[in-house]
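Engineer: With the hints as a guide, bring the two chains together.
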Amino acid sequence: MTGPHPTLVFRQEAAELLEHLEADLLDLEGVPDCQELIDGIFRALHTIKGSGAMYGFERVAAFTHHVETAFDAVRQGRADATPALIAVTLAARDHIRGLIEHPDSIDDAVGTAILARLGTMQDKSAPPPATAPPARTWRVRFRLPQDAMATGTNPVLLLDDLRTLGTATVVARTDLIPPLEEISPTECYLGWDVVLSTEAPKSTIEEVFLFVRDEMELDIEPIDPLDADKRLGEILVERADVSKKAVDAALAKQERLGKLLIGAGELSQEKLTSALAEQKHLRAEVRQDAGSIRVPAERLDELVDRVGELVIAQSRLKQVAHASRDVQVKSIAEEIERLARELQDTTMGVRMVQIGSLFGRFRRLVHDLAQELGKSIALSTFGEETEIDKTVIERLNDPLIHLIRNAIDHGLETDARRAEIGKPLQGLIRLGARHAGGEVLISISDDGHGLDRARIQSRAEEQGLIERGANVSDHELFQLIFQPGFSTADAVTKLSGRGVGMDVVKRTIDALRGTIDIASNEGRGTEVTLRLPLTLAIIDGLLVRVGRGRYVIPLAAVEECVELSSEEDARSRGRSFLNIRGDLVPFLRLRELFNTSTPADRYQKVVIVSSSELRVGLVVDQVIGDHQTVIKSLSKLHADVANFSGATILGDGTVALILDVAHLVEFGQVREERLKAAG
Amino acid sequence: MRTWSGNRSLEVLTLDLEGEIFAIEAEQVREILDLVPITEVPGSQPFVKGLINVRGRVVPFADPRLRFGMEERPPTIDTRIVVIEVELDGDPTTVGIRADKVYEVTELAAAALEETPKIGMRWRPEFIRCIGKRGPDFVVVLDMGRVLSSGGRADTSLIWQSAPERRG
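Residue numbers (our numbering), protein chains in the order written: chain A, 1 to 679; chain B, 1 to 168.
This is chain B alone, in the form it adopts within the complex (with noise of 0.2 angstroms):
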């Protein structure tokens, strides 16, 4: 597992996903859109059950709220689609990931950045970069080269199985 060993502070972009506060690293993020319509892939995982036309290139489109075991819900008149680029086996990949809202860009201190917990956690370890803290509020800084890897792989066991209860 991979854990949060630096010591500068971290520039991610904060977004919603079932009313929970999650960040993926603002160096990822290549654009945000407003929903398009998507074009389903017959026979894909659920979690990458589409593709979509950014600017003139298909990219797949993966919706992380069931991959987090989550339940998949219609749009809102808040849903994005966050365009983010990561490394899947070695290739850099253009990935379209769906928001419930997108927040903002904003900066973890360093200080306000802890390791993954082994225990106590909701969501399986390794999706997990690390811990942040706003305020009152946690935010978990996805790993999303993680996130998406085993994404096209059958996968069943998407929740974390030894944490029983919600984070609270």
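So that you can see chain A by itself, here it is in the shape it has in the complex (with noise of 0.2 angstroms):
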């Protein structure tokens, strides 16, 4: 077997815990009574012990022990969850995380420092710790005495009881219901076997029943769950279902075991189902531990890459089928199309991640900020269900960092300014996500004091950036805080540093294909909206043609096609807008953007795309229809080409380029405005 290092296995699994630790501990600062925090936290804690010892990582056993003991004083009660407590285990995470990345380089005497704090908060007089129960999988078969609905029992409430405690697996005997006539609507007849894995003792599970215990039949027993591939026979024989001899006499006959047993009226059908179900959920409490693998990036990126000429070559089989009079071509042909729109959209899926996993890191950092900076301050997140592509959010994380640093460091004021001017004590900062479109919207906002306009203005018109007492619309003026080196410490005091690590968002976010936007309330606030595109593999596209070319526009950004009629067009040689139900959208012609010397078609269309809750028409020849697009980006010889972010293959193979939407429409929207402004 060739897979990975043992000890990378544990520094990624090690990696994980802590980061579920982390955001446990920050949890818990909220609301410090939560036990199944406590005991997420202590599990963690445990798991990094046991697993460090037995990878050779012995200072992070020993160390994690003593975090481990001096926690499980909190979970049993002993001792309360503090804020002090909290930060000191935060700490101790920290120190756990050293020890494991680069234990050469990290002092014990730190270790003992935080230990000997520890220990300060520790309850003396209490017993030596006991070790969390493991999860243990219990075989509860009960039925309920016959009167038991006239009694007022519910069994469904006490399945769900069940489920609570645990993954239940139920099966219903109904092995005693007696024929139509003869059943009495107030009668249980039912019988229910539930395999269910807990950590909660056999007490806890007997509790469920205390109402009912006395009259009913109650059987709970323990299964061994390392034995999950335990055979139905010996499932059968355990149950006493079924005598092991006739397992055995049955076995002999090599053939499904549990239909010969039925064959030979040693058991009921219902038995048979309910010892399966037994069966499957064994095999799938053992399976969960393998329900996710790790897969190296590169294959990933590799997979995408084959899946991405699969959809060139698919669609170029679709146009030489639509060509065909063969029916089974055709038919062959769309067979092939369905599938490979489903594998794409499964990879796709694969490379998907929830940005709630890139949310938890700033947690930390907002509330190490916090502490250093003296200021009180509330994070919200939401949208943490939103899916994104991975390498988008690794890509985030520096940005993100810069932001919420820059929203906490200058856009919130002091708690003194704060309490002074009348807002609440404590700051927010809001974190979100969410999806519109083919992009995902990604806000960072704060309640602070917002961007001040004036002296950006002026600090602009100080560099060279803008004309002075020129008037500069808030879009623009707020774009220019993202030009290298627009803003130092010295020259500005009251936004010392907005911007410094700004150009390198702007590269960033610029490098993903997506866009930034500043939206800011003085007095009230700032909120930054970054604009991301879903994936950068695969797209749908609409296919158009100007001149001889053609192109592909994102059909995420297509707002609509509408045709440019003759009239319209005359009259708009000077000013280009049209009127869309009664909103003016400037347009663009591609033809003399594009310097096309063939004619124009009579019929012109127009596309309307948006970008930024901004419109513009882009004027073609032609509509072609839709197209999936697998984005291949343009070499460096075409770095200085504007107008195209990337570029394709068609169905017949030539190549064709893709639009770039977000430039258009700002290039559009900025001629107008120039338009307007000399009338």
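Check before you lean on any hint, since a few could be wrong.
As the list claims (entries may be wrong) - Below, a list of computed lysine to any residue pairs in the SDA-like style, where the Cα atoms sit at most 20 angstroms apart:
#1 B/LYS49 / A/GLY625
#2 A/LYS245 / A/LEU218
#3 A/LYS244 / A/GLU215
#4 A/LYS636 / B/GLU18
#5 A/LYS202 / A/LEU165
#6 A/LYS636 / B/GLY19
#7 B/LYS49 / A/LYS245
#8 A/LYS636 / B/VAL105
#9 A/LYS318 / A/SER645
#10 A/LYS636 / B/GLY50
#11 A/LYS636 / B/ILE21
#12 A/LYS244 / A/GLU206
To be verified - What the simulated footprint calls covered on chain B by chain A, stretch by stretch (three residues with Cβ under 8 angstroms from a Cβ of chain A suffice, anywhere in the stretch; the number is not a length):
#13 54-63
#14 82-93
#15 130-142
Claimed, not checked - With beta-carbon atoms standing in for the labels, derived distance ranges:
#16 A/ILE332 / B/PRO37: 39 to 49 angstroms
#17 B/GLU87 / A/ILE332: 43 to 53 angstroms
#18 A/GLN354 / B/PRO37: 38 to 48 angstroms
#19 A/GLU298 / B/GLU87: 21 to 31 angstroms
#20 A/ARG306 / B/THR76: 35 to 45 angstroms
The set of hints was computed from the structure by calculation and includes no laboratory data. The C-beta atom is built at its ideal place from N, Cα and C for all residues, glycine as well.
Structural biologist: Written as structure tokens, this is what we have:
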């Protein structure tokens, strides 16, 4: 077997556990008596200790043991999860991470100091800690007294109670149901077999049946959870549904055991169903750990590349099939189209990651900055379940750190200042994500004092970025803070640092084919919105023709297609805008933009596209149709070419360029404003 | 300027541009294709005006004729695309080069290789790797990395200005 090195596996696992640990600790600060969180923290520590020792990380194991002991006091209710304790545990968590990642540079004195602080918070009289009970699997078989329904017992509630304890597989035993005419509606004929995996002890399971306990049949037995590959025969014998002898006899005949036993009259169908369900449950319990596998990112990228090529080949096949008269070829082409589409969706899905995994990292950042700067800050997040391409997520980390740091450091006022102007003492940072069309919007907002428009303007004038006294829109002005070196610490005291690293933010987002919007309300706060494409690999596109060239417009940006009537065409020679249901939308003639020499088609079409809530019409000769677009980037030789964000290969094998909608919209809007200014 | 200082022979692909023989180092050449449809990139430098599909990859297409100040000519039956791989700003980049005709892969003996003369050359010396001799003919071995690397930028002085006459 050539898997990754075991220590590497431990490092990865530990990194995940430490991440959870941090999140749980931060959560615990808000709800200090949440047993579930405390248990989660304890379990994480326990696992790190255990696997640390197993993989030879002795220092990790030794140190974590003490932290675990301290936290056990909390778990058993002998100590409180005070903010002080949480702060020390967070420090301990960082120390553990250091010990795992770069053990040589970590001084044991740091660990000793942390343990000393932990020690002072511990309950000295406490007995030695017990280890957490491992999850066990129980077989719970019960049958209610016949009059149970009449006395108000609801079996569904009992089953629900069992489900809250852990993972439960429920099978109803229907063997005692009488023929229809003999059924009394108030009587309960059903029995249940429940296979339950839970950490709760047997007594807790018994408590569920507390009120019906006396007259019911109840049988709770442990099942060895490691025995997932248990044979059906063994399960049946263990449950006393059938004798060992009968099983052996049946096995000798080498057919499906269950069927044989039923045939031999040794077993009822219901009992078999129940036993099979148990087998399945046990296997699922074991499989849960193997439910996800780690795959190197490069392999995923390769997979996406291959699927991209498949999509191109498939669209060629589609074209050939379309021209063919052979019905069989057509139907195969359709089948392959469907399969390719599904494969593509699945592959893209594999690359999608919930953005919550990224947001989680910033809670610590906010927590630490708040302490460092002495500001009280609440972080609220929304849309954690929003999915986005893994590559995009990884590259978002640094820009988001910059933006959050800026918001806290320079956006939020000090507590004293907030009290003075009557704002709630605690500053609020909101971090959220949502889908909008083919884009993901990520916003970072604060309720601080907002951007100081006048200062940015005067600073920009000083640096010669804009003319003195120029009338600049908020949008244009705020974009200036992304200029490299725009704000330096000594130049603008109140805004110092706003813009430090902002050019890095801008560059990263540009590289991801995204855009940045800033909205600011003086005195009330700033909101930065990042717009990012959902994926970097394959998009739906609208294929259009301009002159002899064919171009792809990302479908997500397309709002509608309209015809450019000849009178509108003639009227708009000077000013280029269309009247779309009362709104004036500027438009660009792609033929002019691309210096097309062929004669224009008689009926020109306008594709209305939008970006950053601005709209622009693109005049084309023909709208061809939708096209699955595998995005290929342009080489350095075309780095100077604006208007295009990439290229793709069409069904006939020729190359088509993909229009850069954000750029075109900006270009169109700017040109329109200039025309307006010129009168 | 880079000069040829090796003392081993050099394997090259010889090709024709406007009746002159040029050579590209054979180790840079990936394949030779018949002319394929070229997608124009509006707004690009004329010299790298298009894109082609090379086995499912989108590859820029360059016409060295325009780089060397020659006139644009319609393709003939001999026109080929030579797909080469060169380093541009440190990144290996695949580029399709238009040639009026492709001759052969040949070996230029070390003794037949000369450094680029500083004067009396029609071609800008920085584009030239070295000069080789095949029988009575001179062969200009191009430094494709340099020919292409300034191709993306505005650079109008394509011909070595101080070279007044054709080398004969």
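Engineer: Against this structure, judge whether each hint is valid.
Structural biologist: Comparing the hints with the structure gives:
1. Between B/LYS49 and A/GLY625, the direct Cα distance comes to roughly 26 angstroms. Violation of the 20 angstroms bound is thereby established for this hinted pair.
2. Distance restraint check for A/LYS245 and A/LEU218: the Cα-Cα separation of roughly 26 angstroms exceeds the 20 angstroms cut-off, and the hinted pair is therefore not satisfied.
3. Pair hint A/LYS244 plus A/GLU215 does not hold up; C-alpha atoms about 30 angstroms apart against a cutoff of 20 angstroms.
4. Taken as a hint, the A/LYS636 and B/GLU18 pair is broken in the structure, with Cα atoms around 27 angstroms apart against an allowance of 20 angstroms.
5. At most 20 angstroms may separate the alpha-carbon atoms for a hinted pair to count; A/LYS202 and A/LEU165 meet this at roughly 11 angstroms.
6. For the given pair, A/LYS636 sits about 30 angstroms from B/GLY19 by alpha-carbon distance, which is inconsistent with the 20 angstroms threshold.
7. Taken as a hint, the B/LYS49 and A/LYS245 pair is broken in the structure, with Cα atoms around 84 angstroms apart against an allowance of 20 angstroms.
8. For the hint pairing A/LYS636 with B/VAL105, the CA-to-CA distance comes to about 28 angstroms; that exceeds 20 angstroms, so the pair is violated.
9. With a C-alpha separation of about 26 angstroms, the suggested pairing of A/LYS318 with A/SER645 is violated against the 20 angstroms cut-off.
10. Taken as a hint, the A/LYS636 and B/GLY50 pair is honoured in the structure, with Cα atoms around 13 angstroms apart against an allowance of 20 angstroms.
11. Taking the CA atoms of A/LYS636 and B/ILE21, the gap is near 28 angstroms; set against the 20 angstroms cutoff, the hint is violated.
12. Annotation: proposed proximity of A/LYS244 to A/GLU206 is violated, straight-line Cα distance about 29 angstroms (limit 20 angstroms).
13. Check on the segment 54-63 of chain B: 6 of its residues sit with their Cβ under 8 angstroms from a Cβ of chain A, so the three-residue criterion for coverage holds.
14. Figure legend: the segment 82-93 of chain B, annotated as covered by chain A; annotation consistent (4 residues with Cβ-Cβ distances under 8 angstroms, at least 3 required).
15. Figure legend: the segment 130-142 of chain B, annotated as covered by chain A; annotation inconsistent (0 residues with Cβ-Cβ distances under 8 angstroms, at least 3 required).
16. A/ILE332 and B/PRO37 have their C-beta atoms about 27 angstroms apart, which leaves the hinted 39 to 49 angstroms range violated.
17. For the hinted restraint 43 to 53 angstroms between B/GLU87 and A/ILE332, the CB-CB distance of approximately 44 angstroms keeps it satisfied.
18. Under the hint 38 to 48 angstroms, the C-beta atoms of A/GLN354 and B/PRO37, about 43 angstroms apart, fit the expected range.
19. Against the hinted window of 21 to 31 angstroms, the Cβ-Cβ separation of A/GLU298 and B/GLU87 comes to about 22 angstroms, which satisfies the hint.
20. Roughly 38 angstroms separates the CB atoms of A/ARG306 and B/THR76, a value that falls within the hinted 35 to 45 angstroms.
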